[in-house]
Each structure stands twice: as structure tokens, then as C-alpha cells.
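*Asks:* Each chain is listed here by its residues.
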Amino acid sequence: MISDLFSVTVLIGILASGIRLATPYLYAAIGETFSQKSGVLNLGVEGQMLLGAFAAFYVSLNTGSLWLGLLTAMLVGALMGLAMAYVTVNLQAQQGISGIGFYLFGLGMSDLLFQRLMGTVETVRGFPKIYIPFLSDIPGIGEIFFSQNILVYGAYLLVPLAWFVLNKTTLGLKIRAVGENPDAADSLGVNVGRIRYFTIILGGTLSGIAGASLSIALLNVFQQNMTSGQGFIAVALVYFGAWRPAGVLGGALLFSMVNSLQLWMQVKSVPIPSDIAVMLPYVLTILVLVATVSKVRAPSALTKPFEREN
Amino acid sequence: MPAVKKRPPREWLSRLLDSLLPVFATLAALFIGAVMLLFLRVNPLEAYKALWDGAFGSSNAIAETLVKATPLLLVALGICISFRGDVINIGGEGQMIVGAILATWVGLTFTTLPGWLVITFAMLAGFLGGALWGGIPGFLKAYFNVNEILSTVMMNAIAVQLMNYLLRGPMIDPAQAELASKIPQTAPLLDVFRLPRLVPTRLHLGALIAVILAILVYILLWRTTLGYRIRAVGQNPHAARYAGIQVQRYMVLALLLSGAFSGLAGATQVYGVNYRMITDGSASGFTGSAGFNGIVAALFGQLHPIWSIPASVLFGALLVGANKMQRMVQVPSALVIALNGLVVVFVVSSEIWRRRRQRQRLAAADHEEEEPPRAETGRAEAGA
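Chains as they are written, first to last, in the working numbering: chain R, 771 to 1080; chain X, 3 to 386.
Quick caveat, the hints were computed from the structure, so don't treat them as lab data.
Hints are supplied without guarantee of correctness; some may be wrong.
Said to hold, decoys possible - Covered by chain X, according to a simulated footprint, are these stretches of chain R (three or more residues, beta-carbon under 8 Å):
| no. | region |
| --- | --- |
| 1 | 855 to 864 |
| 2 | 896 to 905 |
| 3 | 999 to 1005 |
Beta carbons: idealized from backbone N, C-alpha and C, even for Gly.
Please take these sequences and the hints and turn them into a complete structure.
*Replies:* So, in C-alpha cells, the structure goes:
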């Protein structure tokens, strides 16, 4: 049983599914990185993901168009982001708590719509695998990295893109300035509120995609509470990755690989309890937070509402 | 200057408006709920009437409401303590679970001791389990600067897996262990270990305990040095440090106590409602999301332990009534979860008006002493 793990095909299968399962974490956590870099903690990611997952699934099921489904998920996520932005920027609400509110709203709303509009669990044919020519033929590597669906590729392309935008563009500079010292940014003519609106809505949109990636690309079903805490983990991954896209990628892979291994263990009914395996990344995250927090500094204005001094 | 208009005669009105903000927030949420119901082609009045009947329509319904309100109140009491200490505890779910595990262990282990003793020990075990699960993030925040929102969320996930592991393995009901299906649940508690019922309904002693604790938490927060210090740290940690308060210690204490009350909530669920622990693999399967809804109730009660009592009853009523609504007008009870979310968002959003009025009151008080009107007042007026 456990020795099966060391056969090449099993190992390749586990790695390939680990790469795949990192997708929702990546979209959601990269989105969260943007909002946190601008000083906003969005704790409602889980709710945005759930509504996104439902929207994508329902629209895909009824129109037959996965792209339309994805677009709807993005729209729904963006709308949730807009609401969050209004509450955060204009009403200056305490972010940790309003995020919980948005989470509960998304949890209840997606469940309500699911029961009312569908009622039973159905399946769709999700985004198909795209085999990258030549690269997918490489033994092992090809199956792990180059035989995935479009949303998986998108998630990995997002990482360098996010790094580029945050570190090499004026927009990124403004985002970081707003998150570090909004007063200074404001006095230099940066519109703090507008930047935060942008990052929160972007975060919502990406969370919507994260949800869609679950319901129409990875699992191809919708169930109540199907994200089961992944949105919260995505928020933690941002801290874990020290607000750097590459760090976020590392954390996402850690979680998804353990998950993939755990799923395999369940199927094979390995005597090691899988519950303990699932627990490990959470314990590790806490330990990493303990180890890094003194070295890495969060954006100074994180969770602090900005109010202009006259 | 407009600042002159704000004078003490209208102060009571300003304060009344402040205390009514949560009510407005709930009405707003119910209104949005009504609009949603219309979209679902359900008559909102019918739906809300079913909800009301389900929650208060009979003595059984009222008892059910109070049974649901009990864990909400206990969690809310903990939230009052931690949020007053400016520590955000999102870990109620995990703290409930760990409290329940320890309490269940007591009941399954000391089967020869008298009932009252085991119940007492079990409640203490729940308290301790929650304290442990809240204390760890508190310690990490105070001494390692680890964000408590994140660590409590992580601790929730860890607790769920711990519960799943124990209930599938070491703590599984021996009767289930022999079956092929293996339902992940513990053996039932002995009948004498059940929390006594108060009237011939499902209402159990836990509700009374929760109300008594609400009064004790009020005393703790406003009549003891410990409570004063927790609040001082919450309001201004720097000032508290200058005043010689060991800020870190009170941060840990705030989260530890907060967790303890959630742990007790978990214990009362086992000893008062289910009489065993059972898992469907998720946290909410055991807690019914009380760890989150307790936050809603505490916020609604303006982080005041006494006001948290009616607030918990209200949200207990919503949860119980939602089931009836589901049966009568086929609206999924999930509607109420969504509405709870909106209440939270509205309550924290409406804080801005309270802050503005507070500033106006301060400015008005200042104005009587010193002549030049402060710039702040004019701005608050313009914004409001």
C-alpha cells in the first residue's frame, strides 16, 4: 500500500493533481495579495468564491457555455468586491468583521440559490485538458505540468504577472504606497480610495474565478459549501507568502500537494489517518507565521481605514 | 458655525439613535431579504410569518429558540471579552469543538462517578478546552506578533481534523467500530450525565448557565481590575502600557477567556442537546456555525454581555424559524445565513455614524469650555 507511493505512475498522478488543486488557492490568494498590498484585509474571499462557483456552474449548465459561466463568476465576484470596497473605503468599517459578514452572505446565498434553482447535484463537462504540443510528450513532466486545463495554466501565469504589476509598474507602486503610507501617497496626489476600490474589486474578480475553477474546471459539480475553507486558507497564504506572489505560489503548492496526497491515501485506505495529514499544512502555516512574522513586515496600513486629514 | 447647533438637549436623541443602530441594520437586512424573496416568487409576508411562528408560535418553538440561542450567547460572551480587548477571535468554531471533545471524554471516561459531578467536570473541561484553543493564538499574537484572525482560522481547521480523527478512530462508538458503515460518532453519554431539562421541552440547564454567565461577564468587564485592564488594552494599548499594564498578558487572557466560553458552548451542545459527539466531516455539522453566528449576536448586542442575551435569542429565533419557513413556503433556511451576513455588514458599516456623533458630542462638550470651534466638528457635520 504505502510502497505504492513510490511507483512512478502514482507519484506522477499525485503531483499532477497537486498542481491542479493549487488553482483556486492561486487565484484567490493573488487577488488577496493585491488588496492587502493596498492596506485592505478582505476576509470575505470564501463567500466570493462560493458565489462565483455557483454562478459559473449554473450559467454553464444552462447555457452550455463555460466561458459565459466564467464571465458571470467574475462579474459576481467583482460585485461582491464593489460592495466590500464601499463598506471598507467609504464607510470605514472594521475589515476583519465585515469580511465575516460577506462570508456568511456568500455561504447562505450560494446555498439558497443552489437549493432553489437546482435542488440536486448535477455535473457539467468542465474545461478540457489542453496538451501543450511537444512539452506534454515529455515523460512525467508532460503529464504533471503540460496536460492541464486552461484555468490551471491561467493561475500559474497570474503569478509572474502579479509580481510584474506590483513591482515594476506605476500602478503597483501606487498600490504599495497606499498600503504602506496612505497619508504620504495622498499628499503626492494618489487617490487612496480609488486604488483600494480597484484592488478590492480585482480581488473579488479573482476570487470569483477561483470559485469557478472549482465548479467548472476541477470538480465539475456544485455543492453547498464546496469551498470548505479554501478561501480562508487563501487569505492565510498571503501572510504565509509574505505578500510576495512567489511566496504565495509556494504556500499554495504546499497545501495542494498535501491535499492531493491525502486524497490518494483515502482512496487507498492507507492506515495513516488522512485527517492528520490534512491537519499538517495548517499547523505548518502557523509555524511559518511564527517563524517569519518578526522578519517580514505586513503593509503598514493593513486593516486601517484611511481618512483624509484636513 | 454649525457646531453650535449640537447642544446637550439633543444628546439623548443622539445616544438613542446609537443604541438603535443594530435594529435598523436588522430591519435593513430583513428588507433586502424580502426583496430576495420576491425574486424567488415567494410572498415575503407569508415567509416572515412562518419564520415568526417557527420561532415563537408555541411553547415548544420558544424552547427550541432558546436552545439554539444558548451556544450563540456563550460564544457571544467570549466575543464581548476579546473584541473589547481589541483581539479578533474568529476561532469560535474550533474552540467549541475542542471544548466538546474534552467534555465528551470526561463523560465517557468517568462513568462511575455521580451525574452532577461529571457534568460539573465536563463543563470545566469544555471551558479548559476552549481556553487552550483560544489561548494558543493569544499567546502567538502577544509574544510572536502572529495575526490572530489568521491563527484562529487555522485553529478552526485543525480542530475539525482533530475531531474527525478522534471520532473515526480512538473515540469511536465501540458499537460503530464493529459495523462496516462506521458512522463517525462517540458512544452516547449515560442518561444521568445529561444536563437537566428546565420545563417539559428540550430547553436545558445550559440556557440558565449562559444567562448567569452573561451577568458574571458584565461584572468581570466593568467591575473588576482584570476587566478594566482588558478594556484599557483594547482601547489604547500604548496608553495601557504607560499605565503599567502588561499588555501582552491581557491580550492572551482576552483570547483565552473568549475561547473558554466557546468551549463551554461546545460542551453544552454535547450534554444538553446531542448527548454524544457526531461529525459529518465539517465544523458546522457539529457547531451549526454558532462560532460565527455568536459573533453576529455579540456585535448586535454592541459587545455588551447583557445586551447579547436578547441578541442571541433573536438570532436563535431566526435560525429556528428558518426551518419552519423552509417547510411552509419552501424557502431554504440558508436565506437566514445570508441575512445574518448582511446584518454583520450593516452593523459594522453603521459604526461610522456612531463615531461621527461621538465626535460631535465631544466637540459640543469642548465647545462649552473653549471658544474656537474645532475643524473636526464642521467636517463631521458636513459628512453626516
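*Asks:* Tell me, which hint numbers fail for this structure?
*Replies:* Going through the list in order, the structure violates hint 2 alone and respects the others.
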